[in-house]
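J.: Here the protein sequences come in this chain order: F and E.
Under numbering that gives the first Met the number 0, read the first sequence as residues 0 to 309, first letter to last.
Under numbering that gives the first Met the number 0, read the second sequence as residues 0 to 535, first letter to last.
These are calculated hints, taken from the structure and not from any lab test.
Hints may contain errors.
[As the list claims (entries may be wrong)] Restraint ranges, calculated between C-beta atoms of paired labels, are given here:
id, chain 1, residue 1, chain 2, residue 2, range
1, E, SER332, F, LYS74, 56 to 64 Å
2, F, LEU151, E, LYS528, 46 to 54 Å
3, E, ALA195, F, LYS74, 33 to 41 Å
4, F, ARG13, E, MET32, 50 to 58 Å
5, F, GLY155, E, ARG145, 55 to 63 Å
6, E, ARG31, F, LEU151, 40 to 48 Å
7, F, ARG70, E, SER337, 30 to 38 Å
8, E, ASP211, F, ILE178, 53 to 61 Å
9, F, ASP235, E, GLY471, 17 to 25 Å
10, F, LEU151, E, ASP114, 33 to 41 Å
11, F, LEU31, E, ASP114, 52 to 60 Å
12, E, PHE418, F, LEU31, 38 to 46 Å
[Unchecked claim] To give a feel for the contact side, a few chain E residues facing chain F, derived at Cβ under 10 Å:
id, residue
13, LYS216
14, TYR393
15, LEU424
16, MET427
17, VAL438
18, ASP439
19, ARG453
20, GLY455
21, ARG456
22, VAL464
23, GLN467
24, GLY471
[Stated by the list, open to error] With a straight-line cut-off of 20 Å between C-alpha atoms, the simulated SDA-like cross-links for lysine to any residue are:
id, chain 1, residue 1, chain 2, residue 2
25, F, LYS227, E, ARG456
26, E, LYS528, F, SER2
27, E, LYS457, F, HIS3
28, F, LYS110, E, LYS457
29, E, LYS457, F, PHE256
30, E, LYS457, F, PRO4
31, E, LYS258, E, ARG311
Only a predicted model underlies this, so the values are computations on that prediction, with no experimental measurement involved.
No residue lacks a Cβ here, since even glycine has one placed at the ideal position from N, Cα and C.
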Amino acid sequence: MFSHPLLRFVRDDRQIHFMRGRHAGLIISALLSIASLLLFFKPGLNLGLDFRGGVIVETHSPSAEDPAHMRAILKAGQVNAASVQTFGSPQDIRIAINLPRGGEDEHVTQKLVDHVRSVITQAIPGVQIQRADAVGGSVSSELFRDGILALLFSLGMILVYIWFRFEREFALSAVITLILDLTKTIGFLVITRFEFDLVMVAALLTILGYSTNDKVVVYDRIRENLRKYRTMPLRDLLDLSINETLNRTLGTSMTVFLAALPLALFGGSTLTGFATVMLFGIVVGTSSSIFIAAPLLLLMGRKRLRPAEQ
Amino acid sequence: MVCTIYGMAFGLFIINVFEVLEPPMLYYSRLRMLGVAGVCLIAALLCLPNFMKSPLPSLPWHQVHLGLDLRGGSYLLLQLDTQTLQHDRLQSLEGQVRQSLLDSHVGYRDIRRDDAQASLIVTPRAAMEHDADRNALEALISATPREVTLEEQAGSFILRLTKESIRNRAREAVTRSIEIVRRRIDSTGAIDPSIAREGEDRIVLELPGISDPQRIKALLGTTARMTFHLLSPDLTHAGPGTTLLPLADGHGQLAVEDKIDVDGANLADAAATMSDNQWVVSLKFDNKGAEDFARITTANVGKPFAIVLDGRILTSPVINGPITAGQGIITGSFSARSASDLALLLRAGALPAPLTVVEQRSIGPSLGAASIHAGIISLAVGFVLVVLFMLLFYARFGFYADIALFANLVLILAVLSLFEATLTLPGMAGILLTLGMAVDANILINERIREEVRLGRKPLQALQVGFQRATGTIIDSNATAFLAHVMLFVFGTGAVRNFALTITIGIATTLFTTLIVSRMLIIRWYAHKRPQELPV
Numbered sequence: 000m001f002s003h004p005l006l007r008f009v010r011d012d013r014q015i016h017f018m019r020g021r022h023a024g025l026i027i028s029a030l031l032s033i034a035s036l037l038l039f040f041k042p043g044l045n046l047g048l049d050f051r052g053g054v055i056v057e058t059h060s061p062s063a064e065d066p067a068h069m070r071a072i073l074k075a076g077q078v079n080a081a082s083v084q085t086f087g088s089p090q091d092i093r094i095a096i097n098l099p100r101g102g103e104d105e106h107v108t109q110k111l112v113d114h115v116r117s118v119i120t121q122a123i124p125g126v127q128i129q130r131a132d133a134v135g136g137s138v139s140s141e142l143f144r145d146g147i148l149a150l151l152f153s154l155g156m157i158l159v160y161i162w163f164r165f166e167r168e169f170a171l172s173a174v175i176t177l178i179l180d181l182t183k184t185i186g187f188l189v190i191t192r193f194e195f196d197l198v199m200v201a202a203l204l205t206i207l208g209y210s211t212n213d214k215v216v217v218y219d220r221i222r223e224n225l226r227k228y229r230t231m232p233l234r235d236l237l238d239l240s241i242n243e244t245l246n247r248t249l250g251t252s253m254t255v256f257l258a259a260l261p262l263a264l265f266g267g268s269t270l271t272g273f274a275t276v277m278l279f280g281i282v283v284g285t286s287s288s289i290f291i292a293a294p295l296l297l298l299m300g301r302k303r304l305r306p307a308e309q
Numbered sequence: 000m001v002c003t004i005y006g007m008a009f010g011l012f013i014i015n016v017f018e019v020l021e022p023p024m025l026y027y028s029r030l031r032m033l034g035v036a037g038v039c040l041i042a043a044l045l046c047l048p049n050f051m052k053s054p055l056p057s058l059p060w061h062q063v064h065l066g067l068d069l070r071g072g073s074y075l076l077l078q079l080d081t082q083t084l085q086h087d088r089l090q091s092l093e094g095q096v097r098q099s100l101l102d103s104h105v106g107y108r109d110i111r112r113d114d115a116q117a118s119l120i121v122t123p124r125a126a127m128e129h130d131a132d133r134n135a136l137e138a139l140i141s142a143t144p145r146e147v148t149l150e151e152q153a154g155s156f157i158l159r160l161t162k163e164s165i166r167n168r169a170r171e172a173v174t175r176s177i178e179i180v181r182r183r184i185d186s187t188g189a190i191d192p193s194i195a196r197e198g199e200d201r202i203v204l205e206l207p208g209i210s211d212p213q214r215i216k217a218l219l220g221t222t223a224r225m226t227f228h229l230l231s232p233d234l235t236h237a238g239p240g241t242t243l244l245p246l247a248d249g250h251g252q253l254a255v256e257d258k259i260d261v262d263g264a265n266l267a268d269a270a271a272t273m274s275d276n277q278w279v280v281s282l283k284f285d286n287k288g289a290e291d292f293a294r295i296t297t298a299n300v301g302k303p304f305a306i307v308l309d310g311r312i313l314t315s316p317v318i319n320g321p322i323t324a325g326q327g328i329i330t331g332s333f334s335a336r337s338a339s340d341l342a343l344l345l346r347a348g349a350l351p352a353p354l355t356v357v358e359q360r361s362i363g364p365s366l367g368a369a370s371i372h373a374g375i376i377s378l379a380v381g382f383v384l385v386v387l388f389m390l391l392f393y394a395r396f397g398f399y400a401d402i403a404l405f406a407n408l409v410l411i412l413a414v415l416s417l418f419e420a421t422l423t424l425p426g427m428a429g430i431l432l433t434l435g436m437a438v439d440a441n442i443l444i445n446e447r448i449r450e451e452v453r454l455g456r457k458p459l460q461a462l463q464v465g466f467q468r469a470t471g472t473i474i475d476s477n478a479t480a481f482l483a484h485v486m487l488f489v490f491g492t493g494a495v496r497n498f499a500l501t502i503t504i505g506i507a508t509t510l511f512t513t514l515i516v517s518r519m520l521i522i523r524w525y526a527h528k529r530p531q532e533l534p535v
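Chain E extracted, bound-state conformation:
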């Protein structure tokens, strides 16, 4: 049943496109009329689900989505920090360079990172090592062609990340972030969230029903990169290979070895549990993590180590004995909420780079309901006003225009439902304005017919010439409106896009309802009555 309806809709669509391109003369075969009626009927069927509670098996089930401004909820625009991404990449490149120079037994005087230029500057120790340095570096970058370029400048080598590779990395990072954001959001129990890429380095997050996104923002504002390090022997001063990191509770800082002993990426599970009447987060490592953890704890019994989350030391317990089971707990001053949030973040995995909220829009549920109300009232009143106007100014043909107008409304709603498009308040305004514009075509046709009658043409001829002459004008005038709104759709964002979308759909349906439906009604009436005078 559902398939048949789709098939028919498609077939009719094709037939009707041809009809608009090559309008029939003043005769409509029974088949054609059935076709037009069929389109309207199918459109009506497609609209039905929007007014029903539960799906019917015999009906295609597509509903218009209500936008956040109508149902309440939050819109967040997240920006991926590409600077950090690039910085991380340079840092790892620096590590690779050191290692490869070391491996090929070549010395260097200095390696310097230049984040602004996305480059690494390697200065050889002496001129005689110049060629050896170059060979080692060339071998290194040839492993990843197109990612790094090598230049020489004043006796130094400059390794520069290519724009392309930076962009690619950002794109990959966004893809990975979307996955992690989805996991984090899903585990908060948010209903029906939508997460999508926007441009090169942004993510759009829509959360229906969540009008206070504070917790979500906090969850997404954490990179949740967890690492385990040994503490430096000198706790208070940073030296080569060690860094001072602040404590998470804000009291002081400790020097930590840069080398990562166990990586949070090797976590298999995390959960918030109670231990000694305190909230703690229990961890379970995967095989690699468990091995690393066993090795490090076996070798360093009695020494303290640090659990670092996003550059802050969560806790620094002393290793009491080898831990080989691949399990552990993190203590700290957790509340039930903060322990379960941390567990959630660890389960979902770390973001490749920090995400920043750059735009937030939240609508409370009651305002949404009020907006739906305002939209529907406006639509109804506007519709009635236009219908009355057409009746008063264009008599019988106005009445036919009104029928076509109603068909237009049904068609717009059907197309929106079919694509499960989102409808916002500006979108509703777009529908209303479309309806106001739609009768323009009818007015053009009517005025033209009237003119032809005044020129002394017989009714049949007047209809024929009227339709024919008006069609060109109608297509011209709609084309310009169409162009303006396609621009709006391309450049617009959010609600404005929706406005452009409904108007663009509306222009397409308008061509159908005015050039086919209302014309068919007029011609059918004429063929039936053969009047001596037209009601224009």
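Just chain F, with the same shape it has in the complex:
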């Protein structure tokens, strides 16, 4: 077992002609991204507490608890809950309350969470309040702004870095690919109805960083081959570079995937959504490294990278 690897993803001498599928790849990717954008506008992201403001209370009752019962208790306490659901075990209930009218008045939100807590603890003996979060209107809009800024700045920094290390065509194709990846992930978020909160922004940024990393490795090889094979047509050269790095691309994706998988399975309510989105992002990022980033480079860079072909 020590002397030779037992498994390989792809045989070393296999040459797959990825560039043949470049139009199909780009079109499918564009369609998926457009669909995601449409989903983003309607029905839109399921904004989490961080960005929407309001109150979330999670309770753990000594015995199984009917959400309808909990709803009745809240109603009796004059609390108008947006959703009351069991999650995890039948003893656990999650209550979400929207930002009350006049939510800009922070006192209202803060009073509400204390009120909900006392209503529930009085009605159900032995109940444990597992989580009680209240985010006021001003904070939530700030958090949202910061999240978006973080995403934009990251994209900007990546653009500058690749531009600096490679050339303009590389930087532009990388950022376009990343935007395509990002939009698909947002579409995935809309479809799965995972709550979009700060942790999700972290997931998006991690996907960005990871996906860039993947592209950088392929680009690095393309650059190397451009110097090595002065006369090879760009199309063949891209195919060669992708094939040469294929085992690495798949290998790294696999290890990150394996690392994120247990988080999605056992991570608990906080991390399940985060890790599932990560898994999706890894798959998207890996396939876009192969099918999108290089074809884009072919489209944009033909003139500059291989002037002789004209």
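Using the hints, position chain E against chain F.
T.: For chain E alone, coordinates are given in the frame of chain F:
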């Protein structure tokens, strides 16, 4: 012992930075190997305290702090009310202006506050007094340059607080509030609270172990500014110099003179005590307070006065006789809890402006324990999966990568411990993802070596070229991930920041473990065995 360990860690750190920048050729001296082993050993030592109960004198004692989501507790974000601060400042400026115009015997028709513009509009009585007014106002504001600007507009003078002075005041007020919040929190017996400034006008409060922060919120929601006033002769109507204030018990209101006769800032002590089978708060004034109190009670025997707390009249007793001992009691319908809370607030002092809770996050202890469990299970399973993958796909070199991976985990934990950083559930996720990404460098090196072998290079050459070519790629790919997470750290808050922190630390340790540890293992094996074929 502890100092030696720090010194060595620092020295090794420097050596290793140079090593990454200028990797050695295929030879590792005994000294270098000892150095690398030393770093790992020290890292392991630094991790130890996290698994032990009580400190050992011979060991540097730094532990990772568990975040609130793992140990249970509350996070509160408090916002200082800068509006009130500015309003108070304008009000006192108005007082100063009146006084100074009075002192210089200049009249005025009107002084108006404009809170939205942070300004005070002084209208002179007649055009002939215009210059005298201006001189008086200029003299006044020259005492505090850069705080107030003076403009003329349509025959009126506009005194405006500068943005800078408003900001400075807010900053000072936050600093003072932090001190008072700390005193209030400490006297509730909260364990290990953390209170920190956030931005210009906010305070972050972390209370481990307190999963129901209701009482704390109530304590912080009170400014606790206590003042003693005489009641107005006309109890039911507000006039010039008097204001109608509500009674604390909610039944009606009384007109109170605006002039503060004794200020709660001059309290020396306050305590909850029993008097006539009732809970009361007993007060003790400092010298100035005692003097003021003696003067006012001597001059006004038989008249009622009001004890006002945050704009509400707590009680309005009649002055029975001069009180010169500098002591007094406040009666009211107190319970044991409310009397001791009021005493606590008075002891801790008044906040410079009201604080509002704008964000609360509370986690119960059992959920925290469940999260630790989930985090550790995920970490263990993820680690094992990655280790198995590397063994199956990269044989012996995969095994070395696994050793480096373990060293990486130890190093991350050591750095977190050394800085006594906080670890949250997203932080644990960050560690796990780092481990998944870390082997990327090993995969890059291995694939490269394999390629070189396929090109017909001899093992030694293949290793050499493989390492050399892969290093550039590794640094490039890690740099981009690093940038993305630094952004996340800068813009993120709370748990997200922690995620970014562990990943950023992880990227740094990854460079060490892959570019140095695993490479050293491979080269050592090669030097020992001199194999004809590489296991790639």
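J.: So, for every hint listed, does it hold in this structure?
T.: Structure-based check of each hint:
1. For SER332 (chain E) and LYS74 (chain F), the Cβ-Cβ distance of about 33 Å falls outside the hinted range of 56 to 64 Å, so the restraint is violated.
2. Restraint check, LEU151 (chain F) to LYS528 (chain E): a C-beta distance of roughly 52 Å satisfies the suggested window 46 to 54 Å.
3. Between ALA195 (chain E) and LYS74 (chain F) the CB atoms are about 40 Å apart, so this pair conforms to the stated range of 33 to 41 Å.
4. In this structure, ARG13 (chain F) and MET32 (chain E) break the distance hint of 50 to 58 Å, their C-beta atoms being roughly 39 Å apart.
5. About 37 Å separates the C-beta atoms of GLY155 (chain F) and ARG145 (chain E), a value inconsistent with the hinted range of 55 to 63 Å.
6. Separated by about 44 Å at the C-beta atoms, ARG31 (chain E) and LEU151 (chain F) satisfy the suggested range of 40 to 48 Å.
7. For ARG70 (chain F) and SER337 (chain E), the hinted distance range of 30 to 38 Å is satisfied, since their beta carbons lie about 34 Å from each other.
8. Distance hint check for ASP211 (chain E) and ILE178 (chain F): the Cβ-Cβ separation is about 45 Å, which falls outside the suggested range of 53 to 61 Å.
9. Range check, ASP235 (chain F) to GLY471 (chain E): about 24 Å between beta-carbon atoms, so the 17 to 25 Å window is met.
10. The hinted range of 33 to 41 Å is satisfied by LEU151 (chain F) and ASP114 (chain E), whose Cβ atoms lie roughly 36 Å apart.
11. The hinted window of 52 to 60 Å between LEU31 (chain F) and ASP114 (chain E) holds, with their beta carbons roughly 53 Å apart.
12. As the Cβ distance of PHE418 (chain E) to LEU31 (chain F) is approximately 43 Å, the hint placing it in 38 to 46 Å holds.
13. Hint status for LYS216 (chain E) relative to chain F: holds, with the closest Cβ pair at about 7 Å, below 10 Å.
14. For TYR393 (chain E), the interface hint holds, the least distance from its beta-carbon to any beta-carbon of chain F being 6 Å, beneath 10 Å.
15. Checking LEU424 (chain E) against chain F: minimum C-beta separation of about 5 Å stays under 10 Å; hint holds.
16. The beta carbon of MET427 (chain E) is positioned within 10 Å of a beta carbon in chain F (closest approach about 9 Å), and the interface hint is therefore held.
17. Hint on VAL438 (chain E) holds. Least Cβ distance to chain F is approximately 5 Å, under the 10 Å limit.
18. Taken as an interface hint, ASP439 (chain E) checks out: its beta carbon lies about 4 Å from the nearest beta carbon of chain F, inside 10 Å.
19. Because the beta carbon of ARG453 (chain E) sits about 6 Å from the nearest beta carbon in chain F, less than 10 Å, this interface hint is met.
20. Restraint check, GLY455 (chain E) versus chain F: the minimum CB separation of about 13 Å is more than 10 Å; hint violated.
21. Hint status for ARG456 (chain E): violated, given a least beta-carbon distance of 15 Å to chain F, over 10 Å.
22. Hint status for VAL464 (chain E): violated, given a least beta-carbon distance of 12 Å to chain F, over 10 Å.
23. Of the supplied interface hints, the one on GLN467 (chain E) is violated, with its beta-carbon coming no nearer than about 12 Å to a beta-carbon of chain F, more than 10 Å.
24. For the restraint placing GLY471 (chain E) at the interface with chain F, the shortest Cβ-Cβ distance is roughly 7 Å, inside the 10 Å limit, so the hint holds.
25. This hinted pair checks out: LYS227 (chain F) and ARG456 (chain E) have alpha carbons roughly 17 Å apart, not beyond 20 Å.
26. This hinted pair checks out: LYS528 (chain E) and SER2 (chain F) have alpha carbons roughly 13 Å apart, not beyond 20 Å.
27. Taken as a hint, the LYS457 (chain E) and HIS3 (chain F) pair is honoured in the structure, with Cα atoms around 17 Å apart against an allowance of 20 Å.
28. Between LYS110 (chain F) and LYS457 (chain E), the direct Cα distance comes to roughly 74 Å. Violation of the 20 Å bound is thereby established for this hinted pair.
29. Using a Cα cut-off of 20 Å, the hinted pair LYS457 (chain E) and PHE256 (chain F) is violated, with the two alpha carbons roughly 34 Å apart.
30. Of the pairs offered as hints, the one joining LYS457 (chain E) and PRO4 (chain F) holds, with about 19 Å between alpha carbons and a cut-off of 20 Å not exceeded.
31. A distance of roughly 15 Å separates the Cα atoms of LYS258 (chain E) and ARG311 (chain E); the hinted pair therefore holds under the 20 Å criterion.
In this structure, the hints that do not hold are numbers 1, 4, 5, 8, 20, 21, 22, 23, 28 and 29, in rising order.
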